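> If you read the sequences in order, they're chains A and B. Residue numbers for the first sequence follow our numbering, so the first one is 953 and each next one is one higher. Residue numbers for the second sequence follow our numbering, so the first one is 953 and each next one is one higher.
Hint data in this document are derived by calculation from the structure and do not stem from the laboratory. All of these numbers come straight from a predicted model, not from anything done at the bench. Don't take every hint at face value.
For identical chains, the list gives no copy identity; a pair is met inside one copy or between any two copies.
[Unchecked claim] Simulated crosslink set (SDA-like; lysine to any residue; CA at most 20 Å straight-line): (1) K1011 with A978; (2) K1086 with E1053; (3) K1011 with A1111; (4) K1086 with G1027; (5) K1011 with W1000; (6) K1011 with Q1115; (7) K1104 with G981; (8) K1086 with D1136; (9) K1011 with C1023; (10) K1104 with I994; (11) K1011 with L1117; (12) K1011 with N1001; (13) K1086 with Q956; (14) K1011 with E1112; (15) K1011 with Q1110; (16) K1011 with E1130; (17) K1011 with G1118; (18) K1011 with E1082; (19) K1011 with G992; (20) K1086 with R1032; (21) K1011 with E1113; (22) K1104 with Q998; (23) K1011 with D1136; (24) K1086 with A1010.
There are 2 protein chains.
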Amino acid sequence: MTIQFWFEFASTYSYPAAMRIEPLAAAHGVPIDWRPFLLGPIFASQGWNDSPFNLYPAKGHYMWRDLERRCNGYGLPLLRPSRFPRSGLLPARVALAAGGEPWLPAFVRSVYHANFAEDRNISERGVVAELLDKLGLPAAQILARSESEMAKEGLRAQAEEAQRLGIFGAPSFIVGGELFWGDDRLEDALGWHARYAG
Amino acid sequence: MTIQFWFEFASTYSYPAAMRIEPLAAAHGVPIDWRPFLLGPIFASQGWNDSPFNLYPAKGHYMWRDLERRCNGYGLPLLRPSRFPRSGLLPARVALAAGGEPWLPAFVRSVYHANFAEDRNISERGVVAELLDKLGLPAAQILARSESEMAKEGLRAQAEEAQRLGIFGAPSFIVGGELFWGDDRLEDALGWHARYAG
């Protein structure tokens, strides 16, 4: 049994989850099923054309402070992005096209770090190419693959599966059919595995 | 320095917070400032005429399951109310009129237990009277006081103060000017007190 990790590169609380999940899951002996997806279609189906943190300012104000406190607690750098949310479409396509390749977790972390610790525009091809380069990967080839019809269709299918599974936000975790929402439920999700997956 | 505990009797996650806060705060040596309030005016100002858990069904479906898991973990009974949300207006007026009386915490817990463990209609005068009776309190006198203009005005002022403080949901905790939202932030709020209140 795996932990499905549903993440959206634009999502604030997906950032600490992405940085934390690998050692925690390894400590529990749980393989991670990395599931990049886009929240946009799900938010649109709820009548939102923007992040709820922008639509509801009191909640948004709180979220940034809460995120800051939590990142401090985790020892993670946080630099509030000058633009929020930033489209995660391009890196999500790259992540999806990467499938189970061993560099996927490092790529995911590098994208989150660029967006939330360096305020870089992760929707730009040049930025993503540089992140791939730094990991010693063939950026041009990977970006070309991510722009294939198959990768685009794969990401659409992923968003549909998320909705079918009852996912409404990110990060989300699924363990043994149980949905957990939010970075602050990561430990609960892994605890669920320990109790029920035997 | 106190922990302000902002709670709404209709709010699901306020239930475990209300049942848990007294021993936890006592263990930290932090006095509790009990703040009953109504979320209705705040939700209305965000364009909602119902609980977001009803307006956004995927989120609502998740919330009930998450609440069930958490109540199980805390050893708290949970019986999903046949009507949600139930107006918390009457018990909120009673709680506000009670001010700092020593029976307030027990009354608060009895109202949450009635709503979320016994599916009783806490907006009915007879139900609230019975809860007061069971605590050995003069129900008729207390209910009469809660219906005074002063109690009504006090609750309106309380909702305005909540908004001024940036509160957008319940339960909320304020410690040393820091806002924490959600039952799952209760320990963080008390930890904040320990670190920063010296």
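> Please name the hints from earlier in the document that this structure breaks, with their numbers sorted from lowest to highest.
1, 4, 7, 8, 13, 18, 20, 22, 24
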